[in-house]
Amino acid sequence: MTMNENTPHLSLNQIQCRYGDNIVVHNLSLEIERGELICLLGYSGCGKTTVLRAIAGFEPLHNGSIILNNDLLSSKHQQIPAEQRNFGMVFQDYALFPHLNIEENVTFSMSGKSRAARHQKSDELLELVGLKGLGERHPHELSGGQQQRVALARALAQDPKLILMDEPFSNLDVELRERLANEVRDILKARGVTAIMVTHDQHEAFAIADRIAVMHNGTIQQWDSAYNLYHKPANRFVAEFIGQGALLKGTIQGDGLLQTELGELHGERGDLLSDGCQVEMLVRPDDISFTPQGRHEAIITRSNFLGAESLYTLQLPSGEEVLGLLPSHIQHTTGETIRFNIEMDNMIVFECNLDRSENLGIPHEH
Amino acid sequence: MTRSISPLQITTYLLALVVALPFLVILISWGDINSEIWEHLLDYLFLDLLTNTLWLILGVGGGVLVLGTTLAWLTTLCDFPGRSIFDWALMLPFAIPAYVLAFVMLDLFSYGGTFHQLIDTFFGGMITPPDIQSTGGVITVFVLVFYPYVYMLARTAFLSQGNSLLEAGQSLGLTPTQAFLRIALPMARPAIAAGVALALMETLADFGAVSIFNYDTFTLAIYTSWDDFRSLSTAAQLSSLLLLFALMALFGEQAMRGRSKYHQTTGRTPYRHQLKGWKGWSATTLVITVLFFSFITPVAQLLIWGIEVLDQELNSRYFEMLYHTLILGAGAALLAVLGAFALAMTRRQRSDWKIEWIGRLITLGYALPGSVLAVGIMILFANFGHAWNTISEWFGGSASSIMMQSVPALLFAYLVRFLTVAHGPVESSLERIKPSMEEAARSLGESNSGVMRRIYLPILTPGIFMALLMVMIDVMKELPATYLLRPYGWDTFAVRTYEMASEGMWEHAALPALSLVIVGLLPVIVLVRKSR
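Chains as they are written, first to last, in this note's numbering: chain A, 1 to 366; chain B, 1 to 532.
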């Protein structure tokens, strides 16, 4: 097999999946590099799990193709069976085999190998996932987090070309979820495995993925790094789905200038729109910097204590609201007036003469 | 996805046909009415049949309802001396076939029986206890044998209700008894009704006990019209009437069981209301009385008789019966489990409305009383026989008839009746295999056959074993179908027990009866262990 370093490891070309007449994945394309950890992120029902199952070989394609290292895996006419793909899959419910102990679960794919080889592999992988010495236990004797690690070890045991994870942390409690996500990332990176994870939780996606595909209604809305999803959302859906923020009304003044309640602002994207256009501008909490000498004034209408920081809802004189963050040791009460400046690197604006629902879900061309 | 029909589906459709055929044959029988026999029946028997059947439904239904629910209330929500032992001991009567308790009770409590003799010696004719060979006596026997159905289901219902609702009731000012009557009992109502329906199905299907008591019911009339009048069509017509009652009970059971699911909340095991002083001891007395008559007495009496005759009865004839009993049980169990597996797998792989209807149809088989089933199968095999003879005569062959009373006919009957029994454990063990496990195995490189061998088979084994055991023991205890369909000379424990008992030769019935009770205890032990 020839490996061209420039071709993508895995590519999905215009794939379409249907359940009956219901199209759940619309002509979706995606290219993934070798060793990359990527994440399909979206609300439940957006088609992300279907994409993952299509890659695994459990879901037929109605159109398009899936190609791994120039080999065709799936198309409308052809589908290599899941058992011949050598992809490790981690299921939402872990799917550990209840009648086998942990070692037998981990080495399930190695039935042709010698006992010693299986034992060695199991020891190595269990140590890697931090479950050294638990090989003799049965799945029901382990906690959820431990079962999760066994599922990962089992998927890694076949030295897979690709690891697929379907909501792997959703059955765990929040604290464990974040810790395990970091651990899993380290394990996968250390082994140089390419992995695709599906989740609805953006913090999980941020913790684990190099690149994230935000999905909605069976299409990819944006395929980017976490930084860009937050700071340069491609459309209103991504802007609202990722992170926190507020949309502030404004008018385009030409030359990339935007007239808003917070004065004239300049941004690189403003000049895509014509003069006099009514727009909404995305204001993230980190665009607001509080200072007693600030140019603007607002009333605090709500404060949420988040731990290290507090998130304040600020009401501008016109009644519009923006969000701002302050270290939580500085306490402000609701009703208080506070001064701030606005500091933006990228100005993100969306046309507001469109109906909101129409604006949602239309991928923005770069 | 391909729409081709798999071998599994073909098996399922065949099973549906197998179960449907006896029903169809019995319904078709109305095309040929023997007016002479019917006149006789209507003149002498029919009114008795109806009133007796109604008395049984009312008496047994009411009896198991009160007894089963009371006992379940006592062992789950109250505490009294001996409770933790009685909790499981009250399931033991499941192991006693109705016809066994019937002949033991008849011997002990009929005129001239041990009990009457005792009374006579002590009171010298001053007191005459009622005769057990009466409607009340038959009802008592059935209640003692079938109350465990209500007890089991009510017990599970009370236990699954948890504590919080009863506590809520008490916090609103109810006494424990009021809380039971106004909260626990209404919530358990579907489960209790399902238990009563099961007990009624068994009562309607019974042939041995009513025959030993000489109490005319449909099962007995069905047998008589075949044995005395040689009229299969009349037997089939009577069968269809009995079937009507049995199906009503089955639908009642299914409707109630479906509803009982919504009422279950999980929670801590209930806090038990302490019965102090005379209350506690009367509870203990009640339970011991029930156990005494339903389990201790029959087992003790059978042991006494059995030991008496052990030397002469434990002979080659006994072992021949043992062999027949086991081979029929094992053969039927194997067939039923294979059928149940095919049905469960088909339902899992592709569950459309056709398969769901087949699933429901197959549960109807359990409602077919053994005598009704036997009549249906005799008619079927008789028609097969005619057809076969005609065909073989065309081809110049000799006419070797397919026998109405043969091992295949018996296995056919057992399959129809006990497929549902096998389906339960097979399906619930299949539910342990989540779809993702199959996909996990495939993503780890296993082919279809590998998934079968390494995932399905090992996980299903305990369920399949359980199903085999349950069907085998049900078949061993089954009387009417075996009695009517067995080939000449094929005596089983059940048949021998019945034949000896109906001749009044109690001692000779004891050893096979005792053997049945002992194997019957196996599934009860499993039940008891599961319920704790």
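Be a bit skeptical, because a hint or two may be false.
[Stated by the list, open to error] Result set (DSBU-like, lysine-lysine): computed pairs, CA atoms no more than 30 Å apart in a straight line:
1. Lys354(B) to Lys434(B)
2. Lys76(A) to Lys189(A)
3. Lys189(A) to Lys132(A)
4. Lys113(A) to Lys434(B)
5. Lys113(A) to Lys232(A)
6. Lys530(B) to Lys161(A)
7. Lys434(B) to Lys76(A)
8. Lys434(B) to Lys132(A)
9. Lys249(A) to Lys232(A)
10. Lys161(A) to Lys189(A)
11. Lys434(B) to Lys530(B)
12. Lys113(A) to Lys132(A)
[Claimed, not checked] One-sided excerpt, in silico: chain B residues whose CB lies under 10 Å from chain A:
13. His40
14. Gly359
15. Arg360
16. Thr363
17. Leu364
18. Met452
19. Pro487
Everything labelled a hint here was simulated from the structure, so no lab data went into it. Yeah, the Cβ is synthetic: ideal placement off N, Cα and C, and Gly gets one too.
Hint check results:
At most 30 Å may separate the alpha-carbon atoms for a hinted pair to count; lysine 354(B) and lysine 434(B) meet this at roughly 23 Å. Note on lysine 76(A) and lysine 189(A): the hinted pairing is violated, with a Cα-Cα distance of about 33 Å set against a maximum of 30 Å. Distance hint between lysine 189(A) and lysine 132(A) is fulfilled; the C-alpha atoms sit about 20 Å from each other, no more than 30 Å. This hinted pair checks out: lysine 113(A) and lysine 434(B) have alpha carbons roughly 27 Å apart, not beyond 30 Å.
For the hint linking lysine 113(A) to lysine 232(A), the alpha-carbon distance of about 50 Å lies beyond 30 Å, and the restraint is violated. With a C-alpha separation of about 45 Å, the suggested pairing of lysine 530(B) with lysine 161(A) is violated against the 30 Å cut-off. At roughly 28 Å between alpha-carbon atoms, lysine 434(B) and lysine 76(A) fall within 30 Å of each other, so this suggested pair holds. Between the alpha carbons of lysine 434(B) and lysine 132(A) the distance comes to roughly 27 Å, so the proposed pair stays at or under 30 Å and holds.
With a CA separation close to 18 Å, the supplied pair lysine 249(A) and lysine 232(A) stays within the 30 Å bound. Taking the CA atoms of lysine 161(A) and lysine 189(A), the gap is about 14 Å. The hint holds against a cut of 30 Å. About 22 Å separates the Cα atoms of lysine 434(B) and lysine 530(B), which keeps this hinted pair within 30 Å; it holds. Under the criterion of a C-alpha separation no larger than 30 Å, the hint pairing lysine 113(A) with lysine 132(A) is consistent with the structure, at around 21 Å.
Taken as an interface hint, histidine 40(B) does not check out: its beta carbon lies about 61 Å from the nearest beta carbon of chain A, beyond 10 Å. Contact between glycine 359(B) and chain A, as hinted, is not supported at the beta carbon level, the nearest pair being about 24 Å apart and thus beyond 10 Å. Evaluation of the arginine 360(B) hint against chain A yields a violated restraint, the C-beta minimum of about 26 Å exceeding 10 Å. Violation of the interface hint for threonine 363(B) is found here, the shortest Cβ-Cβ separation to chain A being roughly 28 Å, above the 10 Å cut-off.
Proximity of leucine 364(B) to chain A is violated relative to the hint, the smallest CB-CB distance being about 32 Å (cut-off 10 Å). The restraint placing methionine 452(B) at the interface with chain A is violated, with a minimum CB-CB distance near 13 Å, outside the 10 Å limit. Because the beta carbon of proline 487(B) sits about 42 Å from the nearest beta carbon in chain A, more than 10 Å, this interface hint is broken.
The earlier numbered hints that this structure contradicts are 2, 5, 6, 13, 14, 15, 16, 17, 18, 19.
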